[in-house]
Amino acid sequence: GDSVTQMEGPVTLSEEAFLTINCTYTATGYPSLFWYVQYPGEGLQLLLKATKADDKGSNKGFEATYRKETTSFHLEKGSVQVSDSAVYFCALSPNSGGSNYKLTFGKGTLLTVNP
Amino acid sequence: DAGITQSPRHKVTETGTPVTLRCHQTENHRYMYWYRQDPGHGLRLIHYSYGVKDTDKGEVSDGYSVSRSKTEDFLLTLESATSSQTSVYFCAISESGTDQETQYFGPGTRLLVL
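Chains as they are written, first to last, in the numbering used here: chain H, 369 to 483; chain W, 998 to 1111.
Among these hints, one or two may not hold up.
What the hints assert, rightly or not - SDA-like mimics (lysine to any residue), calculated; alpha carbons at most 25 Å apart, straight line:
{"hint": "1", "chain 1": "W", "residue 1": "Lys1067", "chain 2": "W", "residue 2": "Gly1039"}
{"hint": "2", "chain 1": "H", "residue 1": "Lys470", "chain 2": "H", "residue 2": "Glu431"}
{"hint": "3", "chain 1": "H", "residue 1": "Lys445", "chain 2": "H", "residue 2": "Ala421"}
{"hint": "4", "chain 1": "W", "residue 1": "Lys1054", "chain 2": "H", "residue 2": "Thr373"}
{"hint": "5", "chain 1": "W", "residue 1": "Lys1008", "chain 2": "H", "residue 2": "Gly409"}
{"hint": "6", "chain 1": "W", "residue 1": "Lys1054", "chain 2": "H", "residue 2": "Met375"}
{"hint": "7", "chain 1": "W", "residue 1": "Lys1054", "chain 2": "H", "residue 2": "Tyr398"}
{"hint": "8", "chain 1": "H", "residue 1": "Lys475", "chain 2": "H", "residue 2": "Glu431"}
{"hint": "9", "chain 1": "W", "residue 1": "Lys1008", "chain 2": "H", "residue 2": "Glu431"}
{"hint": "10", "chain 1": "H", "residue 1": "Lys470", "chain 2": "W", "residue 2": "Gly1013"}
{"hint": "11", "chain 1": "H", "residue 1": "Lys475", "chain 2": "W", "residue 2": "Gly1094"}
{"hint": "12", "chain 1": "H", "residue 1": "Lys475", "chain 2": "W", "residue 2": "Gly1048"}
{"hint": "13", "chain 1": "W", "residue 1": "Lys1008", "chain 2": "W", "residue 2": "Gly1039"}
{"hint": "14", "chain 1": "H", "residue 1": "Lys470", "chain 2": "W", "residue 2": "Gly1060"}
{"hint": "15", "chain 1": "H", "residue 1": "Lys445", "chain 2": "H", "residue 2": "Met375"}
{"hint": "16", "chain 1": "H", "residue 1": "Lys424", "chain 2": "H", "residue 2": "Val405"}
{"hint": "17", "chain 1": "H", "residue 1": "Lys470", "chain 2": "W", "residue 2": "Glu1011"}
{"hint": "18", "chain 1": "W", "residue 1": "Lys1054", "chain 2": "W", "residue 2": "Gln1022"}
{"hint": "19", "chain 1": "H", "residue 1": "Lys470", "chain 2": "H", "residue 2": "Ala395"}
{"hint": "20", "chain 1": "H", "residue 1": "Lys445", "chain 2": "H", "residue 2": "Thr396"}
{"hint": "21", "chain 1": "W", "residue 1": "Lys1008", "chain 2": "W", "residue 2": "Ser1058"}
{"hint": "22", "chain 1": "H", "residue 1": "Lys475", "chain 2": "W", "residue 2": "Val1110"}
{"hint": "23", "chain 1": "H", "residue 1": "Lys470", "chain 2": "W", "residue 2": "Gly1048"}
{"hint": "24", "chain 1": "H", "residue 1": "Lys475", "chain 2": "W", "residue 2": "Lys1067"}
{"hint": "25", "chain 1": "H", "residue 1": "Lys424", "chain 2": "W", "residue 2": "Thr1083"}
If you're looking for bench data, these hints aren't it; they were derived computationally from the structure.
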């Protein structure tokens, strides 16, 4: 079945550091890929997405590129802020007709940014 | 923000009691979902709905039932709560059409089963 593997946390960085959170996936066909962010005490918010190979999703300074050859969708940000402290989830949607509304999530990566 | 509310936001109950969680949306979206979030597991799909009275099981449906009698409401019921159902429960919605796969989440319900 489909699966998503993301790097184990927690990740602790200083403000203005470069961030990478790795995400790889296993799926048949051509899934859509997502990054969601969860701030403390809140629900998940869509951060960015990509629906086909070589697409780059971007939002709030975060970027991720859909790499089909390496089945990856790594999240990056050039300069993190304290306000980026949150849990980040990578997810996929199989995009295979009738079941394309089911999301499969990774386990989440806790990011803490210190001033 | 998508118009999704969940009630209650927090609940403490005892083993063996029935519990119903409510998800309410004001977006008129066709699809609704219930997930549970547990440390080390990410989010796992419990049940989902693709229309009024149309529901199906997800990955971890044992011990849960759902109902959807109106577009805007999706109820999750624990028929007889167990300690293993202590979790944070999230509702999500998505619309039909070209952006069907993008889901929007509610604020969550924290359930403790003693």
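*Earlier hints that do not hold, by number*: 1, 6, 9, 10, 11, 12, 17, 20, 24 and 25
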